[in-house]
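Protein chains: 4
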Amino acid sequence: MVGGGRGAFIGAVHRMAARLDDRYEFVAGVLSSDPQRSRDSGADLRLAPERCYATLDALLSGEVSRADRIDVVAIVTPNHLHHSAARQCLEAGFHVICDKPLTTTIADAEDLLHVAERTQRVLAVTYNYSGYPMVRQAREMIANGELGELRVAQIEYAQDWLATPVEAAANKQAVWRVDPQKSGVAGAIGDIGTHAFHLAEFMTGMQVTQLAADLSTQVAGRRLDDNGQMLLRFSNGARGSLWASQVAPGNENGLRVRLYGSKAGLEWSQQTPNQLRFAPVGEQPRMVTRGGAGLGTAAASATRLPSGHPEGYIEAFAQIYSDVAELIGAANERKASSAGALLVPTVADGLRGVRFIHAAVESSQRNAAWTAV
Amino acid sequence: MVGGGRGAFIGAVHRMAARLDDRYEFVAGVLSSDPQRSRDSGADLRLAPERCYATLDALLSGEVSRADRIDVVAIVTPNHLHHSAARQCLEAGFHVICDKPLTTTIADAEDLLHVAERTQRVLAVTYNYSGYPMVRQAREMIANGELGELRVAQIEYAQDWLATPVEAAANKQAVWRVDPQKSGVAGAIGDIGTHAFHLAEFMTGMQVTQLAADLSTQVAGRRLDDNGQMLLRFSNGARGSLWASQVAPGNENGLRVRLYGSKAGLEWSQQTPNQLRFAPVGEQPRMVTRGGAGLGTAAASATRLPSGHPEGYIEAFAQIYSDVAELIGAANERKASSAGALLVPTVADGLRGVRFIHAAVESSQRNAAWTAV
Amino acid sequence: MVGGGRGAFIGAVHRMAARLDDRYEFVAGVLSSDPQRSRDSGADLRLAPERCYATLDALLSGEVSRADRIDVVAIVTPNHLHHSAARQCLEAGFHVICDKPLTTTIADAEDLLHVAERTQRVLAVTYNYSGYPMVRQAREMIANGELGELRVAQIEYAQDWLATPVEAAANKQAVWRVDPQKSGVAGAIGDIGTHAFHLAEFMTGMQVTQLAADLSTQVAGRRLDDNGQMLLRFSNGARGSLWASQVAPGNENGLRVRLYGSKAGLEWSQQTPNQLRFAPVGEQPRMVTRGGAGLGTAAASATRLPSGHPEGYIEAFAQIYSDVAELIGAANERKASSAGALLVPTVADGLRGVRFIHAAVESSQRNAAWTAV
Amino acid sequence: MVGGGRGAFIGAVHRMAARLDDRYEFVAGVLSSDPQRSRDSGADLRLAPERCYATLDALLSGEVSRADRIDVVAIVTPNHLHHSAARQCLEAGFHVICDKPLTTTIADAEDLLHVAERTQRVLAVTYNYSGYPMVRQAREMIANGELGELRVAQIEYAQDWLATPVEAAANKQAVWRVDPQKSGVAGAIGDIGTHAFHLAEFMTGMQVTQLAADLSTQVAGRRLDDNGQMLLRFSNGARGSLWASQVAPGNENGLRVRLYGSKAGLEWSQQTPNQLRFAPVGEQPRMVTRGGAGLGTAAASATRLPSGHPEGYIEAFAQIYSDVAELIGAANERKASSAGALLVPTVADGLRGVRFIHAAVESSQRNAAWTAV
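Protein chains in written order, with the numbering used here: chain A, 1 to 373; chain B, 1 to 373; chain C, 1 to 373; chain D, 1 to 373.
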């Protein structure tokens, strides 16, 4: 693991996600850019001291020669460090699991695409919400034609934790996210909008061809967007809108996807992730539940518990990890992947997310002009 | 009443709304453009046969000379007939309650504004959702500064009844709404988008300065929009989006307003109208309920029942009627109006709604270019 | 109308309910036991002064000889006055609509049953919740066998307005309800438990054969129960429980019925009255909505608005009034009643409710011994 | 681990729960009573073959002499095997984590209480729902007096998976649960009622002194109860009811606790576990959320993620495991336990649960006579 030391949030999530299904062992890391903090964090987590490295170079050279060398590196640093770290790991022959957004520039993301192809290593991107069983159920239902032709997609991801200038109070999560040097060209659109965008394409199986975005900074003094609305057009002519905000009081982590087709509508909300509302035209709306009646294979194979026993964010994240393990296994043995493994967001999805971010920023700079993604 | 005969929907609503609070008596009408249907409808409703007129001209000349002449005419015809009917009634000295949208052109709406001013008659427009107690509560809370500075407004009005070409099956409500000759330049945006727009301005007390709209027709063969997304910019710099759709399966009458300011967020949904979710920054979200703790005077004076005893659509509509009665009383006696009466949407609001419709259509024709409202 | 003067709650509801569907005209009353208050209240409501009577005797003798005499008297007084007033009205040849509980003793209720039968007058009891369209839908679905054999019934009616001793602060509604002289032998069980009991039998079409009740007074100094739990046994062997409380903070008017059979479960809650949750065994639960897909005739004929336009408490109450109008029309003309009219709770239901109250009180006094209803 | 081989449900949950917070390593087991199945199951889980034992005797004798011997044994067999297995493990010096109900007889549970005291070993019972952060938040709020004096407790646990005779179709989970030889004297009351009972006492900090239960078997041919209603009386005079059912279609895992005191009401539902509805008398109800504003230390220390990122059943179960690890650490070092460790349900809670089950069965056999717990 690169990053994820004391005080970090997502590193601990990655570790729990890796552990849950018992497909990974966490054995080495560069847990902080500060060597002492890295060592201390490693000790907290019972890493062997000699595998608690001060730099990524040290980790790669240290691990590459071990018999029990690591298989995969999780990169959980701020955005601006993703590209070089991922590149190094891939070149050294390791598979990579990288946080989103993949990189801060399109060129960097394209570069990783090429490096991953050349090295034949897996580069997974943790668009973790696609690990939720009911998200996969939605994707399967749509692929099966249960919505008919898609007409309308209403996508939103609303939070409230940046409604006040918490970065001024040294909130560690906030500080780097509002800093263009570390976060990249976008704030909320890059941090959460890209998740929403990925889900929209993941669930519908369609591409957003162009968007018209109006990004804004609602908290005075902040340098990146903390709220953005945009219009979407899909490849088949469907229309949509996407809203991402980190200044919407009362929204904790309100990722919500609503899709309407010629035959039915379908709604999913991350805060009640175990259910999907499905409304066929002219019929009574029904609740599709994780583990409940009428589930398809995609959802069934991404769940651990019977219906009514809530699974949540960690389980969805763990699903990504488990599917990546399948994908790596298949890559190592040059075999076909399992169905779940094929759902893993990889470098191509990462690149697409970066393109989305840049399209949104460019559109907004051009006063919401339509911009291709 | 003009319109509202057998088979009509909104005419019956107007009559129930007028009756509920016992401020009106329904005594005369031109209930249909077909004289026989008009008479039959009048008989159904126990109108005196001589006050069941064949034409508006007949009604106006018949009523104007009666000692017990009517005070006010409700116009509940398709849109294209509003202007001439309202104009005639005002000129004849009657107050008017007219359905929305007020007219099919901006010029016609401006004309009615002038006529109403000149004749000193009340011309109310039934933006009926503003009669809901919790909508008024929201308005009062915002006016009191409980949201702080408004930053984000997410407005939507989704229905599903036009998801299939029901007009082809002679659905009476659908047939005229999808006909540009009767409905005007817009479909869903004019029929329901204008309600959503009115609520946004009513609740926030602010104006939308410009919009960028992408209207579309999702059901093949239909001539007017049945779905539209748009970006909004408010006078204070707040941003928003508005979605109006009549092709979203699973949405019966999903009018929903979410407003976020620097101090708090606030959410209201028409299908659960007796509550308002209020989320102050850094505090636990709370449920403000009709008749419950902490209600302001606006909501309190617009409700009939204790908390927990649901009021609905008819009650909100009745509130508009009762407030119009106050407004007419004040107009007749040239006195100041009550607080409730001042909330009634009048001809100026009607004009604003027509401007909104035309701005949306124009923006959409210009590929979602920003357009002033 | 007897009762329902200034400051009363339910009298105004009866008047709105009577007006809504335009089947009644309110023309006479004894609106208060205080003659001046009665006159003032009548003036408020624009009754003709000569039909604003000081006593029920005066009303009956005044009305009986008029050509435009009233058809029906609504009795909306505290409970202890119901019996004598209803008896007088029936004997004088008037139909009666009486609030629940019908009387304070079983003997009085039985007496009214006999008088109503002898006089051939309608005596309706406003178990108003049975007027909700989705309650009738539930009844129809159960009658059609959609639940299979009933197994479990969980019934509850929770409020919070008596969680503090508001009667000490002269809350007019509370004062008489907590007074055994006016309310009868029971508090919460009589005021709201009887509604819940009626719904349970109305919806299931079955009878509760015995109950075991534990009533308690939770607010010190109060003389009647303000909370009660009981076990229920139904005629077919189904089991249930019923909870009625007026001291449950956070419950405004929480009447809720959950019924489970061998084929499906069904849930309805008064605070979201426009929907019914229906869960067939082994299938996805679905939402049955007022005006939505798959509605039966009972619900369809008890509704005024399209789906998604909420109807509420007044509309349900109005449905009872309209159905009573049908019933009276049929009684007057000695014809068969409409289907809706046959759903009206009448004197037999009123008697059954009184039996329930007394069974609960008796059971509780015997330490929750099983007691026949 | 004893039990939990292929096809088992709860064994896998225990293993995930143990792994999540990285406080346990799973190294040995008797995973099935069938030796081959045990070996195969162990191989699936990558146990060392020599630690994949055929019998508990073998496990105890094999482990006790190892330098890397196990610390704790998880017992996840059907109920009838709990007592002897737990006794053996304790006597051999191992700590135990045992599924509920602890035993099938009161005498056996008392025996384990004595053995655990004598051996000074930890015997934790997985009343796992008490691991939910918001359950602990509720407990803390009540202990802090935020509800005032408790008056009413409405407890329910409803499922639907036994609505049909699935045991006849060899549903492995069902077969032993409906078999008195394996399940004990009770069915639904023992399987899920005991969870509900534990939560009621855990959250309120009070004891149920007596109950009056009416248990029934709704599916023909079943030998144990599958549905039960009961009245509860608490030590302070509060009243309640408890409903446990496995035949309520539409209820997946509906464990729900509603508590009402003189100052406030509080509601929690397991299917939306990240929130608590809190309604102080005379104030607006508010939503207390995991990770949100106003949380106490108990909830804060039992959670892993920020608000809005759902935690679920596995996380709550993991919390029990982590707290047991603290408890074992303290026991081993004879030190004071952490606050979390003190919340762990132990043998005393297990005994109390068994007493509850027997009280319910006895009361029901005596026609719902009041029975002390």
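For the record, the hints were derived by calculation from the structure and aren't laboratory data. Any given hint might turn out to be false.
[What the hints assert, rightly or not] Part of the chain D face toward chain A, derived, beta carbon under 10 Å:
1) ALA12
2) PHE26
3) ALA43
4) PRO49
5) LYS182
6) LEU224
7) ASN274
8) ARG277
9) GLY308
10) TRP370
[As the list claims (entries may be wrong)] Listed next, the in silico SDA-like pairs over lysine to any residue satisfying Cα-Cα at most 25 Å (straight line):
11) A/LYS263 with B/THR164
12) B/LYS172 with C/PRO280
13) D/LYS172 with C/SER301
Beta carbons are placed, not taken as given, at the ideal position from N, Cα and C, and that holds for glycine.
Non-conforming hints, listed in increasing numerical order
3, 4, 5, 6, 8, 10, 12 and 13
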